[in-house]
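Participant: Full structure from sequences and hints, please.
Residue numbers for the sequence shown follow UniProt numbering, beginning at 1 and rising by one.
Do not take every clue at face value.
Restraint ranges, calculated between C-beta atoms of paired labels, are given here [claimed, not checked]:
1. Y126 <-> D12: 43 to 51 angstroms
2. R19 <-> A78: 25 to 33 angstroms
3. G103 <-> M132: 31 to 39 angstroms
Hints listed in this document are in silico derivations from the structure and should not be mistaken for laboratory results.
Just so you know, even glycine gets a beta-carbon here, dropped at the ideal spot from N, CA and C.
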Amino acid sequence: MNNMNGAGQPADQRGLLNRAVVLASSNLVLFAILTVVNMVLIAVDASISFSFSAEIPPLLIGIGLSALSEAGSAAVAAVFFVLAAVGVGFIFLCAVLSKKKPGWLIAALVYTVIDLLLALAVYAPYVVAGEMSPVAIIIPLAFHIWMLYYIIKGISAASKLKKLPPEPMMYDVPFTAAERQDGQASHVSAPADSGNADNAEAPADNGNAENGGNREQ
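Facilitator: And the structure:
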């Protein structure tokens with residue numbers, strides 16, 4: 001019973017670790033979707049914005065819109081729009097690729113940390129000056145910490161998965177094929193027996209020939 005329990009524990013542990021990696025990837029997908037929603041709200045000049053998103057892509061959208069409305073520079077605005085699309089696209093890329101290659105979670109971790117530092121740098125001066133409510137920085141901070149928790153948990157799970165023993169390989173033993181081969185082998189031996197019977201009959205034929213010769217004499 002102890003051996004059976006010991007064999008089941010790595011399998012259960014492997015399932016939990018795989019689930020942690022998948023959960024980190026799924027949260028990155030949610031991170032990217034919420035960021036796109038926030039970018040759209042900023043682009044259409046909506047009266048509300050989303051705090052549960054990344055900060056870099058929406059900020060780039062805002063800078064691009066300012067360049068377009070104030071300076072009338074469509075080229076500069078297009079550059080910022082492309083950079084915003086690349087930023088949110090990178091989150092999607094990390095989310096998709098990390099399901100098969102958990103190393104991409106490390107790239108997502110670096111991006112999220114940079115995004116968090118940017119949020120603090122942008123909002124903290126306004127909060128300190130009293131021009132913005134502390135809630136405006138607390139919500140993005142809590143959301144980024146929540147994301148970092150699952151990403152770090154996924155990275156740790158991926159590292160532990162590498163240290164687990166490989167899964168046992170299961171092979172299908174071709175018992176039916178083996179029986180057929182044995183049957184064929186028995187059929188192959190049959191001609192050899194008939195050959196021996198022919199050899200056994202040959203002396204009898206020779207003897208009859210000699211008897212016939214004696215009779216003729």
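Participant: Is 31 to 39 angstroms right for how far apart the beta carbons of G103 and M132 are?
Facilitator: For G103 and M132 the Cβ distance comes to about 38 angstroms; the hint holds.
Participant: Tell me if the beta carbons of Y126 and D12 are separated by a distance inside 43 to 51 angstroms.
Facilitator: holds (49 angstroms)
Participant: Are R19 and A78 spaced within 25 to 33 angstroms by their CB atoms?
Facilitator: violated (42 angstroms)
Of the numbered hints listed earlier, the single one contradicted by the structure is hint 2.
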